[in-house]
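Taken in sequence, the protein lines are chains D, G, C and F. Be aware that the first sequence starts at 1, since it is given in the working numbering, and climbs by one per residue. Be aware that the second sequence starts at 1001, since it is given in the working numbering, and climbs by one per residue. Be aware that the third sequence starts at 2001, since it is given in the working numbering, and climbs by one per residue. Be aware that the fourth sequence starts at 3001, since it is given in the working numbering, and climbs by one per residue.
Simulated from the structure, these hints should not be mistaken for laboratory data. Please note: incorrect hints may appear among the correct ones.
Stated by the list, open to error - Computed far set for chain F versus chain C, every beta-carbon distance over 12 Å:
(1) R3049
(2) T3179
(3) P3241
Said to hold, decoys possible - Quick look at which bits of chain G chain F covers, simulated, 3 or more residues with Cβ under 8 Å:
(4) 1096-1105
(5) 1197-1211
(6) 1266-1272
Said to hold, decoys possible - Each pair of labels, with its calculated beta carbon distance range:
(7) F/E3317 / G/S1037: 31 to 37 Å
(8) D/A194 / G/R1203: 45 to 51 Å
(9) D/R272 / G/A1190: 22 to 28 Å
(10) D/P186 / G/R1203: 41 to 47 Å
(11) D/G33 / C/K2099: 47 to 53 Å
(12) F/A3267 / C/A2178: 19 to 25 Å
(13) G/R1203 / D/R203: 41 to 47 Å
(14) F/T3088 / D/R272: 26 to 32 Å
(15) F/G3216 / D/G33: 50 to 56 Å
(16) G/T1277 / D/T319: 17 to 23 Å
In this text, a Cβ means the ideal position worked out from N, Cα and C, and glycines have one as well.
Number of protein chains: 4
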Amino acid sequence: MTGSSTGRILVLTTAGESHGPAEVAILDGVPPGLSLSEADFEHDLSRRRPGQSAIVTQRKEADRVQILSGVFEGVTTGTALALLVENTDAKSKDYDALKDKFRPGHADWSYFAKYGVRDHRGGGRASARETVMRVAAGVVAKKILAGFGASVLAYTQRVGDVSTAIDPLAVTEDHVEATPVRCPDPAVVAEMIAVIEAARADRDSIGGVAQIVATGVPAGWGEPVFDKLEADLAKALFSVPAVNGVELGAGFAAASRRGSAQDDRFAVEGDRVVTKTNHHGGILGGISTGMPILLRASVKPASSIPQPLDTVTTALEPTTVTTKGRHDPCLVPRFIPIAEAVVAWTLADHALRQRARMGASSSR
Amino acid sequence: MTGSSTGRILVLTTAGESHGPAEVAILDGVPPGLSLSEADFEHDLSRRRPGQSAIVTQRKEADRVQILSGVFEGVTTGTALALLVENTDAKSKDYDALKDKFRPGHADWSYFAKYGVRDHRGGGRASARETVMRVAAGVVAKKILAGFGASVLAYTQRVGDVSTAIDPLAVTEDHVEATPVRCPDPAVVAEMIAVIEAARADRDSIGGVAQIVATGVPAGWGEPVFDKLEADLAKALFSVPAVNGVELGAGFAAASRRGSAQDDRFAVEGDRVVTKTNHHGGILGGISTGMPILLRASVKPASSIPQPLDTVTTALEPTTVTTKGRHDPCLVPRFIPIAEAVVAWTLADHALRQRARMGASSSR
Amino acid sequence: MTGSSTGRILVLTTAGESHGPAEVAILDGVPPGLSLSEADFEHDLSRRRPGQSAIVTQRKEADRVQILSGVFEGVTTGTALALLVENTDAKSKDYDALKDKFRPGHADWSYFAKYGVRDHRGGGRASARETVMRVAAGVVAKKILAGFGASVLAYTQRVGDVSTAIDPLAVTEDHVEATPVRCPDPAVVAEMIAVIEAARADRDSIGGVAQIVATGVPAGWGEPVFDKLEADLAKALFSVPAVNGVELGAGFAAASRRGSAQDDRFAVEGDRVVTKTNHHGGILGGISTGMPILLRASVKPASSIPQPLDTVTTALEPTTVTTKGRHDPCLVPRFIPIAEAVVAWTLADHALRQRARMGASSSR
Amino acid sequence: MTGSSTGRILVLTTAGESHGPAEVAILDGVPPGLSLSEADFEHDLSRRRPGQSAIVTQRKEADRVQILSGVFEGVTTGTALALLVENTDAKSKDYDALKDKFRPGHADWSYFAKYGVRDHRGGGRASARETVMRVAAGVVAKKILAGFGASVLAYTQRVGDVSTAIDPLAVTEDHVEATPVRCPDPAVVAEMIAVIEAARADRDSIGGVAQIVATGVPAGWGEPVFDKLEADLAKALFSVPAVNGVELGAGFAAASRRGSAQDDRFAVEGDRVVTKTNHHGGILGGISTGMPILLRASVKPASSIPQPLDTVTTALEPTTVTTKGRHDPCLVPRFIPIAEAVVAWTLADHALRQRARMGASSSR
């Protein structure tokens, strides 16, 4: 149990279903003295919000964050921070036809098998609607990280078979936000959009890959042997709906390599130890090296497609089901702010864990 | 902090350094009444042990597990189980030359940055020597899983660019153990060994990929939204040294797919709900579906290679370093029992979490 | 950090300040299939509510619980349950005079020292207002316990020096609720009320003791060695504002006794093992014995009294402060439902922990 | 489950039974750079050790701590610290007569009810033998606390009805260790010893109370609302065998008091905020105030007495049982170093939790 919390000393706990009255989050362990207002959440929540362009779902949510506690006179108090976002555009009726059917690729069956209870309205707790609170928490995490000089950025690296080889360190958020597909490489954007549009035209969806980059992370974050930094980051990314693969640095490509090619040589730059290359992705032995952290996450094609698919009913009779709700033909663009958020939260937790150990001299 | 424990209610805590007197583990939450003896550990520990063949490190460890508590008259008592394995063949002198140098690809620098203390003897806590206790814990986890009808098996799926497409469900442990490379596909074994031997001949190492299969896992394990089953499994695998990528089911290949190809259709087989294909890898929405769980982990080429590599000293002076200890030219074969162990532990923890929720009716 | 959560697998997380917009709770690990509606919370919340009689504070709160998630069609779904209670009668202006002063006996100074931030409005997070969510969570915990045949009851055992020696096992909730002082012993009620009225007449407050009884708890709950059942229960009670002492069974009186008087002899009653006396209070070695669990908690006199008291300002200047808000002259009567709630939550968590271990055969 | 670990970021995990080969502990989260050797454990372990005088059990244990990991070249490395103490004088035969009987006042019955397994040898995991690792961990915790300027001291405050009213702040460890009863007040020592000797002469035991004092704790430790400092301290004390009551500051005596008598007035002393009295015991609202922390723990008379007592067998037949092992007629003197240890561990954990929040400026 207790899958509703994440983090060791910076702990995020969430609740809320797609078609319930609201999404809620309690953020525990946020240091006092951070400036924080409800307006601070707007930027990232609007990036995640449905209905932003033709290539994402048309569900409309205002997604206004209400701060219920933990902030006084514009700064965090250090006590538990509670956030609430109302669900204002939930159309449960869209789901009535699904009441007794398990949608392929969805969590309908596994939730029913686990809990013995069926909440068919848009996936209930299984809906990606819950990620709204992750993004909200990410806003706070990014503020904590900024105090350590660190930041996180993500972008669409691949859609179907169209990918970019752009240098992740050359990308800015402005580049990412310049197009609805959230790919900062102008050379491939049109092609990516075409792939998404083609999938939609065929009443289908398409997968993709996100690249995540964390810069400014000092050497020394991560807790061997089980809470290695990459282990907690991978867990965070895999906990987002539709993610089915995560790589650090060279990732699976390193399986083809020899050690002499993979081993990044150390050097000194100014007064800092650096590596001349970054195949390791910024983490060695579970601890950050001070180099940029490079992660990639594979995102499955959306399971919800407006085609009739073979399945079974709760009474175990064969049937077909067609998903009618409003869904994304490609999940990656809206995954970008979510990926940033979960990575930021995990890094901020580790920043505080290391500060618990070392006090002021918590990083190099 | 607290990176030395893993699991929520079945909690493994370990300690021990490569060149200290012993490795220790405390297993908390093991149900009472399991038969367990010191001999039960021999099989999997011998699979992990160095020095088994020409293609792995020649360090020799007896790796005999001593049970210090938690077992009485041949069965577990339900109280904390303590295990100890002595380190008998640690040759610290091999590491004297490394005292002030950071080995490329190793955790030397990041540990030093984190703790401000240098234990240069074989990596200290960063050494893969700690995995001996993971394998020991895995033996207990496999016994718990057997009580639920579930089991875990892993094998070498790729070495360098040589891979097998064998059906994971057709593989048995006997097939895996038939060759030192732990690949159950006779068609590729010789080639894989040749790739490893070539790397060693060149004073180099080579990467690879392991396939892990869990069968008999009932539908219903996994705790949304943060402790999704795949999230905890990915964390477990990423916490093993040298792992830098994890995939569930189709993994990164799904990024190229459309939803209509990825969505596994549900069907009924006897009185069970199944999927006709298994692209999802046995987990949907963070919860097991009852289908086999299919994971792959990418394993970097070993960082320790007997070549001089550019690096810096603790005084930040440029230098070169040559690793002299006894190391594996390919880590995958010895990773196999470790992968099984960490996956088994994670699954057993989730089995008990679900049983806490549902009591006797804990699975379908 | 992370003081906002309690429980191991049944986890309660709360947030909210006395004068913020709302109190919030997320209950994780609640088993599916429990019937639950907003009306179910009314009974215990009205017992805790201010303004019920002349001897408690006159602050008025509707304290209506809104269920934001985790319940569908009248039963729990097994996913995170979110509850919200609005703060509708917060009179912050009452506190303006306290802005720069530390009230004696209050948490004003220690919070300021800890967080470096001052929320002077009614104690902020330190206010007992947060206990509204504990009582709400207790309602759910009591339902879980009922499924195990267990229940919890508390009553006022002492006010000042007036105490009852009534047999705890003869008390029912009706007896407790028959008087505003929540003492089930008619012989002392009038005297207790007189002591409280006298304190109020003197612009003062008075302390007391609550007795808590848990019946129907089977033998076998509690997790040695650190999470002994009495240890977790004591923590739960000490976490409630104003509690400064806890006893199990004979408690401090046992310090004067010999073992031959304290050791409860075992006997058989029907097919159950019982003890002929219950000096041990229902727990031995950290594990419930099947006998009623008997706890007492000491509750300090309320710190808020309408008298000028010497103190210092945030600028460290001497001053006096007079608390003007609406407060209880004796905290014990309103502590009763809170004590029941925190004990119920802790017991329910342990019930599930034991069920995780043993499955269906989880108790005797 | 998971009762074998305590602490949030400074986590102690223990294992070991009275008559098993060894007691083991893993200490996770110990900051690097603390000087630590095996000799450092001798002082406190000898204080806890049986057989020190005529008034404690005559079981003889060398209790030599072996450091298995986490220390290199005389200082802690920051990684998991493993400690081991062998059990060298376990006389299991003493317990053969108890094999099928539940000793009154002991955990025999409740363990059997919980686990369904009987380890009759001296209580197995329920034996106070496990506290040897708590004392060892306390040595490390005291070192961490010393870095914050804080220290912990305990002494025997009461034996039976003989008590001391000595000022806790005037007591030193030398005063405590001057007599085997560990009471620093020469005026009552002889009488306390006489009470213990009388109990032993009567083949009986006697209870008592320990006073614990923590000085130098800065204002600001403790995590509202559930992990209040007093809540975690009470849990720590209640987790020690035989403790059945805990008070903070005035404790139960405050139940008889009015607020005007209990409320400690604030004042300024130099540049520090202090209280003129210390009825609150150094903690307000769950957070340390900077005043000395004053706790008392009630310790039951030892359950093991060499008299025949009525009980039942595992087959539920009536019988009598006489405990023959070597036991203490009064547990309080040997409880003193254990109490110091568990309080020190809890405070050190909270010190690091606060440092995680605030960094260098972690206290006032």
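Verification of the supplied hints:
1. Distance to chain C confirms F/R3049 as a non-interface residue, since its nearest Cβ pair spans about 19 Å, more than 12 Å.
2. Every CB of chain C lies more than 12 Å from the CB of F/T3179, the least distance being 19 Å, so the non-interface label holds.
3. The Cβ of F/P3241 does not lie farther than 12 Å from every Cβ of chain C; its closest approach is about 7 Å, which violates its non-interface assignment.
4. Check result for the stretch 1096-1105 of chain G against chain F: violated, 0 residues qualifying (beta carbon to beta carbon below 8 Å, three or more required).
5. Coverage of the stretch 1197-1211 of chain G by chain F is violated [criterion: at least 3 residues with CB-CB distance below 8 Å; count 0].
6. Here's how the stretch 1266-1272 of chain G fares: 0 of its residues keep a CB closer than 8 Å to some CB of chain F, so the rule of at least three is not met and the hint is violated.
7. Between F/E3317 and G/S1037 the C-beta distance comes to about 33 Å, which sits within the given range of 31 to 37 Å.
8. Our hint of 45 to 51 Å for D/A194 and G/R1203 holds, since their Cβ atoms are close to 48 Å apart.
9. The beta-carbon spacing between D/R272 and G/A1190, approximately 46 Å, falls outside the hinted interval of 22 to 28 Å.
10. Remark: the range hint 41 to 47 Å for D/P186 to G/R1203 is upheld by a beta-carbon distance near 44 Å.
11. One distance hint, 47 to 53 Å for the beta-carbon pair D/G33 and C/K2099, is violated here, with the actual separation near 18 Å.
12. A beta carbon spacing of about 45 Å between F/A3267 and C/A2178 contradicts the range 19 to 25 Å that was offered as a hint.
13. At roughly 56 Å, the beta carbons of G/R1203 and D/R203 sit outside the given window of 41 to 47 Å.
14. Remark: the range hint 26 to 32 Å for F/T3088 to D/R272 is contradicted by a beta-carbon distance near 52 Å.
15. In this structure the supplied range 50 to 56 Å is violated for F/G3216 paired with D/G33, their Cβ-Cβ distance being about 26 Å.
16. At roughly 18 Å, the beta carbons of G/T1277 and D/T319 sit within the given window of 17 to 23 Å.
The structure fails hints 3, 4, 5, 6, 9, 11, 12, 13, 14, 15 (numbered hints given earlier, in ascending order).
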